[in-house]
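For the protein sequence lines, the chains are A, B and C, in the order given.
Residue 131 in my numbering sits at position 131 of the first sequence; the count goes up by one each step and never skips.
Whatever position you read off the second sequence (first residue = 1), add 1000 for my numbering.
Whatever position you read off the third sequence (first residue = 1), add 2000 for my numbering.
Check each hint, because a few of them may be wrong.
[What the hints assert, rightly or not] With a straight-line Cα cutoff of 25 Å, these simulated DMTMM-like cross-link-like pairs (lysine to aspartate or glutamate) come out:
1) LYS1076/B - GLU2360/C
2) LYS1319/B - ASP2228/C
3) LYS2314/C - GLU1110/B
4) LYS1329/B - ASP2221/C
5) LYS2041/C - GLU1110/B
6) LYS1079/B - GLU2360/C
7) LYS2016/C - GLU1110/B
8) LYS1079/B - GLU2411/C
9) LYS1052/B - ASP2080/C
10) LYS2245/C - GLU1110/B
11) LYS1329/B - GLU2248/C
[To be verified] Across the chosen pairs, the derived CB separations fall in these ranges:
12) ARG1116/B - GLU2053/C: 37 to 47 Å
13) ASP2345/C - PHE22/A: 47 to 57 Å
14) TRP23/A - GLY1025/B: 24 to 34 Å
15) MET20/A - GLN2348/C: 15 to 25 Å
16) LEU1140/B - PRO2343/C: 43 to 53 Å
The set of hints was computed from the structure by calculation and includes no laboratory data.
For clarity, every value in this text was computed on a predicted model and none was experimentally measured.
Cβ coordinates follow ideal geometry from the N, Cα and C atoms, glycine included.
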Amino acid sequence: MYNSGKIITGLVLFLGVVTMPFWFNIGKADVKPDPSLDTPVIRQMKVKHCIESKQFMIDNHMELLNAWRNAVVRNNKTIYVSTAGQYFTMSLEDTCFHCHSNEKQFCDQCHTYANIQPYCWECHVKPVEEAANGHR
Amino acid sequence: MKIVVAFIVVLVLAALPYAGIQYAGMSTVFGIIIPYAAVAVFILGVVYRIVKWARSPVPFRIPTTCGQEKSLPWIKQNKLDNPSGTAGVLGRMALEILCFRSLFRNTRTELREGPRLSYASSVWLWLAAIAFHWSFLIILIRHFRLFSQPVPHFINVVENIDGFLQIGVPTLYITDILLLAAVLYLFIRRVVLPQVRYISLVADYVPLLLIFGIGLTGVLMRYFFRVNVIGVKELVMGLIAFKPHVPADIGTLFFIHLFLIATLFAYFPFSKLMHLGGVFLSPTRNLANNNRMVRHINPWNYPVHVHTYAEYEDEFRDKMKAVGLPVEKE
Amino acid sequence: MAEELKKEELVKIQYKPPKKDWMDTPVKFRHGTYIYPAKAKNLQYLDLPNPREWSPVDEDWKLPENWKEIVLNGMKERLDKYRSFKVFMDICVRCGACADKCHFYIGGGDPKNMPVLRAELIRSVYRGNFTAAGKILGRINGARDLTKDVIKEWFSYFYQCTECRRCSVFCPYGIDTAEITMMGRELLTLLGVNVNWILEPAANCYRTGNHLGIQPHALMDMFEMMLDDIKDRTGIKIEPTFNRKGAEILFITPSADFFAEPGMYTCMGYLMLFHELGLDYTWSTYASEGGNFGLFTSHEMIKRLNAKMYAEAKRLGVKWILGGECGHMWRVVHQYMDTLNGPADFLQEPVSPVTGTKFENAKSTKMVHIAEFTADLIKNKKIKLDPGRNDKLRITFHDSCNPARAMGIFEEPRYIIKNVCNNFFEMPENTTREQTFCCGGGAGLGTDEMMETRMRGGMPRANAVQYVHEKYGVNRLSCMCAIDRATLTTLMEYWVPDVKVTGIHELVANALVMNGEKERIVDIRGEPLKDEKGENHV
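Same shape as in the complex, but just chain A:
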């Protein structure tokens, strides 16, 4: 008794599952994120600089925002002092979106690609891109 039928079925299933990554994406466009920073406000900035360094923001923006939320909502603190000594209001809508008014470009591209689902939008209103009008 060899049960070859059952074993071959099992092997085919195994191969199907382990090779899934290879065939799952066939025919689907692999669009790498290429976020555009081109918003009206940024365009007008002389020195294009966020509240902290670019690398710091890439690595830690989620923690920074989380800390801001806790500071504002729980401790009633609203001012953030950056490493460079500048003062900022801890506000997603008033501070971040002021420059990064293009949520689809700036947030979603990477988040969708890496399948990250921040729960910012459970409370906050997504910024509306009004770049065409030149004002906000």
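Put chains B and C on the given structure of chain A with help from the hints.
Leaving out everything else, chains B and C in the frame of chain A:
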């Protein structure tokens, strides 16, 4: 001693990609060549091993029966622990593979004064084993977000359930904690229990430490020392589309993680980790106890020398006749 | 023997394993823990290789010159023939769940009696010779060379396993140590490394049809004695038939029940029951053995010894076969017979001539277990029973390993016992049914020179009996296995002397109200039905 060897093995394995990436710039080797090789060895190796098992027949039907057999109609059969048909066997196998039923039976035997032997249910090993295996599976499924574009909705469901506590940013996954805790328990148990330490080989410590290393580097990347996840996905998507390239600045930690996984995959078919496949093929569990109902065929059943009745009667005929036993030949 | 062993000394068990690695600990043979080697004449009679005089305590075991080649070729052959062996060699993760499930480990503490390590004894050689990882990594991967010391170790520990399969109940992959022990013993058989306690009965069985070498005329004498005893106790003279052609049923039971106490009382029970039913059945002198010591030697030997059952059923032209109370016999009948010596297409699907019940679960093998048969009789009220006649007995039931874990026959014997006696008490849960403990002397270990190992291995079983003895006043341990009836008797004498051993059909015989019987004042053993005070024993 065996434990020290295992530690050294895993440390060396972790140091290799560190040195390779940090000092030799071998990102192609660690990012492309080794992962491809590991996956190839894994797939071919597992298939090879299973085919090798499958080439040996199951000459006898030898289920271990753990409940009442099917017999008279008024006696209640235990269909899961002593199945007599396919449905029962499927149920038994599902319980075994998904719930580790046999391990759940585990007891601890103690010899007390008297002497009095006592047996107490002992579920810790089962608990750690099931936490470990299920966490591993869920983590593996969650990683599919790096292997697909667009990511199927199903992955989000798994992520949301796994992260439903919503602790911290990025959200803490329960399985990350469970996996590390369970592996740690299994390792400590192996070291601390004298009997288990006595039976353990280096080959028993290495996979545990290796998996702990994988889990640890994963957790470090997610929660503490971030790597460029966009770059990671680019690398992975390139690999699976067979257009491999290594984006710059992914972070060395990722290459350590990747190399340990590659090692685990390549080692898998040659190790006890093959219990993944073997559990399906265990003849004491995957056969119905219908031995007296359906004849089991042994493909190599061969004729043997037997002592026939004729030979028997020839030797004892006179004695048989003397006591009035019927004989074939007078 | 039993007196030399002090119980107090025996229970001082050191479970903590030694510092030294098990691979560096060669086996030592000590009196009481090994079985005498098979005599040359028995190997010769069975055409087995390398017949010679030798002893395990000798330095030189007189192995064949190319012993290593023989063993490795034998291993390869068996890896190719048995998926069980191959898979079990590969997938153990050494989780240790089986460790404290083995009665020999519980009662002795020798780490090599942990099922996992017993299997590693052979697995290490497998890795060293048949796997790439083992060949390259060597000891790191748990591989070792095959040496003469390894052979000695195998001999010691594969004959300290009773193939009871308790560990396989707990193994997450169902790894069955019995399967591994059987392979180990087959490999040793290739070298002529066998024990006499197994090969002598096997050789006897081959020649005379039964383990004891009882020749046909002597068998008649033994039955005459039992029949006289029955007449003495019931007033009924029974006249069974032997080797009778055209009978409906052939009855086969272990020969140990023909002559020795307490097994013969069970045999008398069969005779009385069949007489009372007026069953059209016959005994056979050629197939006068239910047991099969081939199971403890090799698969080939199982087949050679088992062949008689179907051959005799065919020669006599019976419709089906009924099998008596036995343990390993039923492992062979249930799991091996049909495959090895079937198909039994010359027989008919078994139907009880008394109740008309079809034994659906035996429709291919055509052999019915006596407990199934009798339970069906009782359920259909075909026999008159007076359970009060067993009232001086307070009974517990020992599930024998093979019927428990290779068949799952749990309810039938209990149903019978509960109908033939009034005082039945179960042993603790973790020691019965699929978790039952071995008697310590199964699989060919039940010999006197092995006494220390047996008393240690039987300790968990005895301990559970002692528990119900103290708690409920149990004085009778019932079982349905001939080896049990012999080995449990010794075990009880040592650990729980107040408890005697009995077969189930002895209890049936006591309770059976027979047509035309005289007033029963003694039980089937000839002992008063009630004790001296005229009261039931409590």
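Do the hints match the structure? See the list:
no., hint, verdict
1, LYS1076/B - GLU2360/C, "15 Å, holds"
2, LYS1319/B - ASP2228/C, "22 Å, holds"
3, LYS2314/C - GLU1110/B, "52 Å, violated"
4, LYS1329/B - ASP2221/C, "23 Å, holds"
5, LYS2041/C - GLU1110/B, "45 Å, violated"
6, LYS1079/B - GLU2360/C, "16 Å, holds"
7, LYS2016/C - GLU1110/B, "13 Å, holds"
8, LYS1079/B - GLU2411/C, "14 Å, holds"
9, LYS1052/B - ASP2080/C, "9 Å, holds"
10, LYS2245/C - GLU1110/B, "56 Å, violated"
11, LYS1329/B - GLU2248/C, "23 Å, holds"
12, ARG1116/B - GLU2053/C: 37 to 47 Å, "45 Å, holds"
13, ASP2345/C - PHE22/A: 47 to 57 Å, "52 Å, holds"
14, TRP23/A - GLY1025/B: 24 to 34 Å, "33 Å, holds"
15, MET20/A - GLN2348/C: 15 to 25 Å, "54 Å, violated"
16, LEU1140/B - PRO2343/C: 43 to 53 Å, "47 Å, holds"
In the structure shown, a violation is registered for the earlier hints numbered 3, 5, 10 and 15, in ascending order.
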